[in-house]
Amino acid sequence: MPVHALIVEDEESILLSLEFLLTQEGYSVATAQDGAAALKAASARIPDLVLLDVMLPHIDGFEVCRRMRANPALRNTRIMMVTARGRETEVELGMALGADDFLTKPFSTRELMGKIRILLGKTTGSPPA
Amino acid sequence: MIRPTLKGQRLVALFLLGWLMFNYPLLSLFAGNARLWGIPLVYVYLFLAWAVLIGAMALIIERRDH
Amino acid sequence: MLTGALIVVISFAYVGLLFAIAYYGDKRADSGRSIIANPYIYTLSLAVYCTSWTFYGSVGRAATTGIGFLPIYLGPTLMAALWWYVLLKMVRISKAHRITSIADFIGSRYGKSHLLGGLVTIIAVLGIVPYIALQLKAISASFTTILQYPNTLVSFTSETMPFVQDNTFYVAMLLAAFTILFGTRHLDATERHEGLVAAIAFESVVKLVAFIAVGLFVTFGMFDGFDDLFSKAAAVPELNALLVQGGAGGNYTTWASLTVLSMLAIILLPRQFQVAVVENVNERHLNKAIWLFPLYLFAINIFVLPIALGGMMHFPAGTVDADTFVLTLPLSEQKTWLALLAFVGGLSASTGMVIVETIALSTMVCNDLVMPILLRWKFLGLTERADLSNLLLAIRRSAIVLVLALGYGYFYLAGEAYALVSIGLISFSAVAQFAPAMLGGLFWKGGTRLGALYGLSAGFLVWLYSLLLPSFAKSGWLPITFLTEGIFGIDLLKPQQLLGLQGMDEITHCLFWSMIVNVGLYVSVSLWRRPTAAEHSQANLFVDVLRHVAAGSGSRFWRGSATVADLQTLLGRFIGPERASESFAAYARSQGINGVEQLTANAVLVHYVESQIAGSIGSASARDMVASVVVEEPLALEEVMTIIDEASQALAYSRQLEQKSRELEAATNELRSANQRLQELDRLKDDFISTVTHELRTPLTSIRAFSEILGDNPQLESDQRTKFLGIITRESERLTRLINQVLDLAKIESGAAEWHPSALDMREVIEDATTALSQIYKGRGIQLTTDLPDGLPVVYADRDRIFQVVLNLLSNAANFCDKPESKVHVSVIEEDTALRIEISDNGIGISAADQNIIFEKFRQVSDAMAGKPKGSGLGLAISREIVQHYKGRLWVVSTPGLGSTFAFTLPLPRSKLAFLAA
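Chains as they are written, first to last, in the numbering used here: chain A, 1 to 129; chain B, 1001 to 1066; chain C, 2001 to 2918.
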């Protein structure tokens, strides 16, 4: 069973790049462009990993994170928040709301994949094929 | 804007150096009959020291340091 | 060969030239193109330090003491290194408080004390008037020398002639006229005299050139260079003795004390204070002067010893006074023109000193001696007089005449007396008495008025007793027993061997004792009593001046009632009603207020008026005058006077205490609200930066991610590569656009944007914009229609900017359209006062909540944009700024689901709005 990842990102081009990277890693990928769609997608199929943008229209990333954590079904889901604002307080808030890791845009794709592998307990992940 | 920091301190140091050069006992070292280029040594010394002092002041003032 | 008439013509022509230069300098200053606003002129004006005492006297001194003339120039060189702290502070304080003389400075530092200011003035006048006399004597002696050569080889012994036949008398009158003309042209708060400074700088060039010319002639014309001159001198036994008589002309103590004296003199002599502090145009000029001024001193001293030695070898011993070598050496070699140049050089050295010193002394006499007394005499009714400016000018001018008359009188009476010859160093010793109060006042907050008063008085008395009176005795005006046996025959009180102290020359002796009592009393009396509130606040202002950036602002809190009109009338009384109204207008402009009538009589205005008046009558009196208006009490002046006299110190103290606590309260409130404003601004700035950061990072993220993907995956298929590269290009363009717009907006908001208004036909602008976007509209299948009536009136605006607005609204409209049958319609409507341009679409519309925020920076109607290329979020903000710049409005009306209409107005030129804007 491949890892199932959910990417929540309203910027289309960033979404596209994340989708490419995770698919290449061999994950199955679902996408959402706003908070409501993200929550819906997460309950439709439980993801192992959520890449969650902070600045989302209507319901922002922190709220999405809080609601996901409130759902017992998503107990084992790893949530990595991604922000373009990069304030210390945001990292703290995200962590307090139950996020597992935090990444600041722009990011290195290798750093991203490294963090994801660690997060999923696959410290010896195969190099990108 | 005049920055009264490093430049000011350098100038004060220069003042102390100048006072030292222009007064007893350093001055007395150049007294006597000795001559340089036919001119009494103390005369040459005073004017040289004076020129050096002015040069150093110019250097401190005009130098752009960051 | 040189006739008296020629000499007289040349001297008067020279002074005439000074008039011309000063006149030109003033003209240029009036038209705002100062010729003295550069460090070189500033340095040259400082060289007023070199008087005829330098020009003629240095050679004379060198002839008797070898290098003993040098400390007088080494001291100022050393002091120049300290100017960075000392003079800068003095300049800044004086500019902030409109201080116009050294008396004013010291009085002001110690709680705006009349008594101290007056004392300093008296000391300065007593110490300096003989010095002025010395300059007049030099002029007179140089006349005699050049006229009677070679008959009276031993010159400087001119027999006294009736003053009506004395050329010097007329020179003195001419100088008085010059000083009155250019020194008191008008009363000005800054008391700066540009024309006068220009003339002084010119004189400094003349004397330097003349002296060096003579030096070159002696060294290379009469001798074969330095080497030749010095070796020939060495062959003469008595000259050789002079050259080798020890490093410091024989006495290191004298050497050191002369160095100290001249260090102090260069900042404390009234004329130096005048040129260095009062006439300073820009404190930055001080930087270069720190090394250029010593360079000037260096240059004018190079040839002193050669001229002295040359003269002593050339003339048989004792036949010619060494003081005249500069003139007599060229004369003896038949170099008439060189002698004339030297004569003019000496004249310039004397006149420069006399002019500046007279200005400085007369300002002091007027502001710190006469005015405070006149204002106290209530029967004169001066406090009620409407216009004091003429009276002030009259006092100034009388003071100038008085100072010069005193100088001439002293010269006339003293003649050859010892009292005149030795006066240079005696004057230096007098002004050195200001040093503890001045330097202490600059760097030590603990110095008090009483301390300064006691120290200064005691030092002055010692100077009087041990230097001035003995010089009188040596001139025969006092019994010589005063000197040899002490007053009343008391041995310990011998003026130049006080308490039996021996082994020092008279200058060192005076310096030692006067400084002991001066510094001693200044420090101990200051420490004895707590400073009063007024002293304390002035001490803080002076000592911490380099930390107080904004001069005056907040330095004085003030409560009371006064009207703007009262204050203007008050100022008018001192500087004349016209200049007062100009001054108020200038103040209003500086506060960003349109007219004088909108000014409020607040603390800042009161302080402004006070400092303006201070320029005319000194800071202590100015405070009293302002107080008389501010509390609107006829008795106020009387009251303040008594307070200053310490007759009711207790009353003053409690009043000051009360005032202090009110000041404190006001300051606290001000601080609190300022802090709140700051925090708000800070938050806004933070938000903006954080948003810009986000907007910049978003495209960067895509660019980086896809670049790395392309880099890590060389085997990607070509269509995928093309797609990814396309994204990178698009996002780069977005980044560029964003940066441009942020810069654009910043420019507009800060007011730095350039606007090029021209007459605009809106119809043409709109047509150009629709043409530019027609491809995009066609591509998206949106129908674009316009309704542009003929004969629209023109509006005045920047074409490119308005085009930018229309383009932005049109592309926004296109972005809102998502239906297959989308339409965008542009129309122009002529209203009474403006043109209204409307751009309507039938797109998705904007919710009521969003309508308010879309004009803010970086706000977009997010879901409306989903799936569409995004704008930067700055377009509408910029558009609104542009429209508002032309006093128009930009707004939106929209119904979600049905479409939006963006509209903006541009005022018509004849309408009232545009008229006001233009």
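Simulated from the structure, these hints should not be mistaken for laboratory data.
For clarity, every value in this text was computed on a predicted model and none was experimentally measured.
Any given hint could be a false lead.
To be verified - Heads up, simulated SDA-like pairs for lysine to any residue below, C-alpha to C-alpha not over 25 Å straight-line: (1) K1007/B <-> N2038/C; (2) K1007/B <-> L2442/C; (3) K1007/B <-> N2282/C.
Unchecked claim - Here chain A is said to cover these stretches of chain C; the calculated rule only asks that three of the stretch's residues, wherever they fall, bring their Cβ under 8 Å from a Cβ of chain A: (4) 2100 to 2106; (5) 2795 to 2808.
Unchecked claim - Derived CB-CB ranges, DEER-like: (6) R2284/C <-> G114/A: 33 to 39 Å; (7) P72/A <-> D2686/C: 51 to 57 Å; (8) G114/A <-> E2733/C: 28 to 34 Å; (9) S2774/C <-> R69/A: 18 to 24 Å; (10) G1055/B <-> L2501/C: 49 to 55 Å.
Yeah, the Cβ is synthetic: ideal placement off N, Cα and C, and Gly gets one too.
Query raised in the report: What hints, given by number in increasing order, does this structure fail?
Result: 4, 5, 6, 7, 9 and 10
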